[in-house]
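Engineer: Now for the letters of each chain:
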Amino acid sequence: MNKPLRRVALACLLLFGILLLNANVQQFVLAEERRSDPKNRRVLLDEYSRERGPILVGTQQIAFSTKTDDELEYLREYAAGPIYAPITGYYSFIFGAEGIERSEREVLAGTDDRLFVRQIADLLTGEDQGGGSVLLTLNPAAQQAAWDGLQGQKGAVVALNPQTGAILAMASTPSYDPAALATHDGDLLQTNWDLLNADPEKPLLNRALRETYPPGSTFKIITAAAALESGNYDPDEPDIPAPDVLDLPLTDAVLPNQGGASCSSDEQITLRDALRISCNTAFGQLGMDLGAEALLAQAERFGFNSTFEVPMTSAESVFPTGINEPQTAQSAIGQFDVRATPLQMAMMIGAIANEGVVMAPYLVQEVRAPDLKPIDTAQPEELSEAVSPDVAAALVSMLVTVVDEGTGENAQIDGISVGGKTGTAQTSPDRPPYAWFVSFAPADNPTVAVAVLIEEANVAPDDISGGRLAAPIAKAVMEAVIGR
Amino acid sequence: MTATVETGRTGGMSPSGTGAGPQERRRRTTELILIVLAVAIAMAAYAMVHIARDGALPASLPRYAGGLLLLALVAHVAIRRFAPYADPVILPAVVLLNGLGLVLIHRLDLGAADNAIARGNPIPSPDAPLQLTWTAVGVALFVLVLLVIRDHRLLQRLTFIIGTIGILFLLLPLLPGLGQEINGSRLWIQAAGLTFQPGEIAKLALIIFFAGYLVVHRDALALAGKRFAGLDLPRARDLGPILLAWVASLGVLVFQRDLGSSLLFFGVFVVLLYVATERASWLLYGFVLFFGGAYFAYTQFGHVQNRVELWLNPFPADPEQISESLYGLAAGGILGTGLTEGYPERVPFASTDFIVATLGEELGLTGLMAVLVLYAVIVERGLRTALLVRDGFGKLLATGLSVALALQLFVVVGGVTDLIPLTGLTTPFLSYGGSSLIANWILVALLLRVSHAARRPAPPVAPAGPEEMTQVVRL
Chain A
0 MNKPLRRVAL ACLLLFGILL LNANVQQFVL AEERRSDPKN RRVLLDEYSR ERGPILVGTQ
60 QIAFSTKTDD ELEYLREYAA GPIYAPITGY YSFIFGAEGI ERSEREVLAG TDDRLFVRQI
120 ADLLTGEDQG GGSVLLTLNP AAQQAAWDGL QGQKGAVVAL NPQTGAILAM ASTPSYDPAA
180 LATHDGDLLQ TNWDLLNADP EKPLLNRALR ETYPPGSTFK IITAAAALES GNYDPDEPDI
240 PAPDVLDLPL TDAVLPNQGG ASCSSDEQIT LRDALRISCN TAFGQLGMDL GAEALLAQAE
300 RFGFNSTFEV PMTSAESVFP TGINEPQTAQ SAIGQFDVRA TPLQMAMMIG AIANEGVVMA
360 PYLVQEVRAP DLKPIDTAQP EELSEAVSPD VAAALVSMLV TVVDEGTGEN AQIDGISVGG
420 KTGTAQTSPD RPPYAWFVSF APADNPTVAV AVLIEEANVA PDDISGGRLA APIAKAVMEA
480 VIGR
Chain B
0 MTATVETGRT GGMSPSGTGA GPQERRRRTT ELILIVLAVA IAMAAYAMVH IARDGALPAS
60 LPRYAGGLLL LALVAHVAIR RFAPYADPVI LPAVVLLNGL GLVLIHRLDL GAADNAIARG
120 NPIPSPDAPL QLTWTAVGVA LFVLVLLVIR DHRLLQRLTF IIGTIGILFL LLPLLPGLGQ
180 EINGSRLWIQ AAGLTFQPGE IAKLALIIFF AGYLVVHRDA LALAGKRFAG LDLPRARDLG
240 PILLAWVASL GVLVFQRDLG SSLLFFGVFV VLLYVATERA SWLLYGFVLF FGGAYFAYTQ
300 FGHVQNRVEL WLNPFPADPE QISESLYGLA AGGILGTGLT EGYPERVPFA STDFIVATLG
360 EELGLTGLMA VLVLYAVIVE RGLRTALLVR DGFGKLLATG LSVALALQLF VVVGGVTDLI
420 PLTGLTTPFL SYGGSSLIAN WILVALLLRV SHAARRPAPP VAPAGPEEMT QVVRL
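Read top to bottom, the protein sequences are chains A and B.
So for the first sequence, numbering that gives the first Met the number 0 puts the first residue at 0; every next one is plus one.
So for the second sequence, numbering that gives the first Met the number 0 puts the first residue at 0; every next one is plus one.
Chain A extracted, bound-state conformation:
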């Protein structure tokens, strides 16, 4: 009987071999896939069982975890929730996470590879240090100023340091309280979620980052940049045709000035004056003279038609391709299909303030281990050179003129030279225009660049203009950064 017995012994070994192999498949090969299965509640329970690291602005914790006595051990809480909601996002045990809570999930949860050494130490000591913390680039005074300025209106503000790309303020209204989605009460959470999603005002939408709007006259800066970059124009040469009404080729339509006004008595204007008074006909003609390709190239050098990770992914600002002459004229003044995020417009004005160099925008200044030791610090990164330093200097000078003696007078700050540009984009007669203001200060050594967008405000449509609604907010934010 020994011959079959030996075979049986071998077969049993084989069975154990198969079990061992399968255990390896389940626990090693397929483990990652299983852990990322959205139906797998273990990952979530595990995250909630460790103290999630805080999100910091300066020394203030704007998001932090407190111990509970329910199944989910830690509750996420938010200081000044609605003000920072577009940045922090929320952390919900049913609906996942958004914003920094999502983008920096692994750091906050303590599972990031950069915390590996610490995880090993935890493994050996049996202690759990919790997650790392994330320090944001935000300036609390600027964020508060942006939030205060937007109250009662629908809109967004982005302020950044033009020399580094660090985002100093990012506000969006109407907002929401992330605590409403962090609650551990399942029924309440579902109710809050349904309410927020059904709200026609879209409070969950980060308008500064995730929504695009027609940039209107603020886009004229890009058209002016393209003109100066071509080398054929001088800011102070009165060589730009500025008819009272611009005939658009191929159509019966015409392009008028705001309110049917005339730009110049002799229908010729300098680039500086055209920008100062925001002359539509001059920029429409300039756009057709430069051509759609030149405008497209210039817009893309400023960041149009791409997305950015701040680390949340921005919406893509659009400059259309394959457009004809009248469409080019309209696009040159920020109409037709041109759309931009407030972030994009802040990057654009920031690049001009930064000698033409576009800096990559970022929100995370520093990632810290649970013991607060920095494990990663943001390094400013150049994205592209949008214009040459000479052209940038010329544009700065022209934009200072706009604020000093043009449409941007509401953004003047005593004793500080400010550059800026208004925008009032009328898209259809049914809805009020979008009011924009983009600016930077101080002009000689810019430390802040701002874009303000007002989507809707409680004023008569005729009273809506970038200069009137948006410029004061931009001014307040700039003052907050400069320290006035």
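It should be emphasised that the hints constitute simulated quantities derived from the structure, not laboratory data.
The C-beta atom is built at its ideal place from N, Cα and C for all residues, glycine as well.
Heads up, a few of these hints could be off.
Label pairs and their computed distance ranges (CB to CB) [what the hints assert, rightly or not]:
hint: 1; chain 1: A; residue 1: Arg-5; chain 2: B; residue 2: Phe-290; range: 22 to 32 Å
hint: 2; chain 1: A; residue 1: Arg-6; chain 2: B; residue 2: Arg-149; range: 45 to 55 Å
hint: 3; chain 1: B; residue 1: Pro-347; chain 2: A; residue 2: Glu-299; range: 22 to 32 Å
hint: 4; chain 1: B; residue 1: Asn-312; chain 2: A; residue 2: Thr-58; range: 50 to 60 Å
hint: 5; chain 1: A; residue 1: Glu-292; chain 2: B; residue 2: Leu-334; range: 52 to 62 Å
Since the structure of chain A is already known, use the hints to place chain B on it.
Structural biologist: Relative to the frame of chain A, chain B by itself:
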């Protein structure tokens, strides 16, 4: 636990009285050291549960450590007294498994208590103290078996009585009033406030019966009928036993809804038939009958179809037992989450059918593989015993016990890890449950009894006269 290597010291191979003395080949001291190590490992794990959870050693540690060590020593002394030549590695492996099982069950008790407190429910009574009690009963029966059955061939004489007992035990749960249906399976009897799974004892009785029956009838069964396509066709009347075993297994499946035991009974019988007759063709008939029966069960029973569907698609919209098991294994990864750091209580029946999922989650792939290797050591040691023992009944008995262990483990671990459809069996020594624990301690006692016979030196040959030059060759 696999560190001890026995260097070619196999019973019967070296002539007695020369070289290694009988004292040395007993290796009882090795066994003692390994047992102490096994208890130390298990109790270190027990301490870790509390250090990780409360940051302090538990007050119950001396009780558990002392209890487990005492029981292991009792078993060890019993072997020293009643089966001094038995394999020295099997008992330590069993002690370690039993100890680890206690730790895992205790850890699940704590999890259940925490959950109950969080939900404001009354705290369920813990399982671990009961498991320790059952271990004591198991060890007592282990000692009793070694004490009473001084020679395994005694069982051969009782083949038919034991067979009858086995069948009776198998049928007990079907008796109205006595039988209990729990979780859809009718495997339990209730008496004197205790529930018991007589199938576990029936398993042992049937293995003894198979061995006793086959050793007598092996020659008849091995007689070839006609040859066809390279296969020996058995004579029609010799098909009787295998068909009977097949029908009985199907009966277990149909009337008790116990897929696992059904597979186990039939599998062990076919393997024994093969070993007894040395005819591979029996394996083929076994396979055909098995898959035929499996297909029949699949077409007839909803719960079987359900198991097969969950096997093929273990992640339905609403996570099931098997999904949670696999999530747990994935969460454990290579090193495991650490004791008390995982969520094994999310798997229904974590302490019984799914104890391997708890093991894999908290002790990781490393822990699971170590435990599988422990089982492999026991099984292969058992099969080695079968190889060495001289009598046919002993061979078949040791084979049956070892193969039953291997098959049971394959079925339950394979089910929990989604290798094969889930069938619902306990994991020997690890799972919570008195019936299973007691039956498996008896199984080990029987195996060690045969092992003692296999490794015992043969009685000295009568001294040969100087004029006789014939050499005695022992095999």
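Engineer: Indicate, hint by hint, whether the structure satisfies it.
Structural biologist: Outcome of the hint check:
no., hint, result
1, Arg-5(A) <-> Phe-290(B): 22 to 32 Å, "holds (26 Å)"
2, Arg-6(A) <-> Arg-149(B): 45 to 55 Å, "violated (32 Å)"
3, Pro-347(B) <-> Glu-299(A): 22 to 32 Å, "violated (58 Å)"
4, Asn-312(B) <-> Thr-58(A): 50 to 60 Å, "holds (52 Å)"
5, Glu-292(A) <-> Leu-334(B): 52 to 62 Å, "holds (59 Å)"
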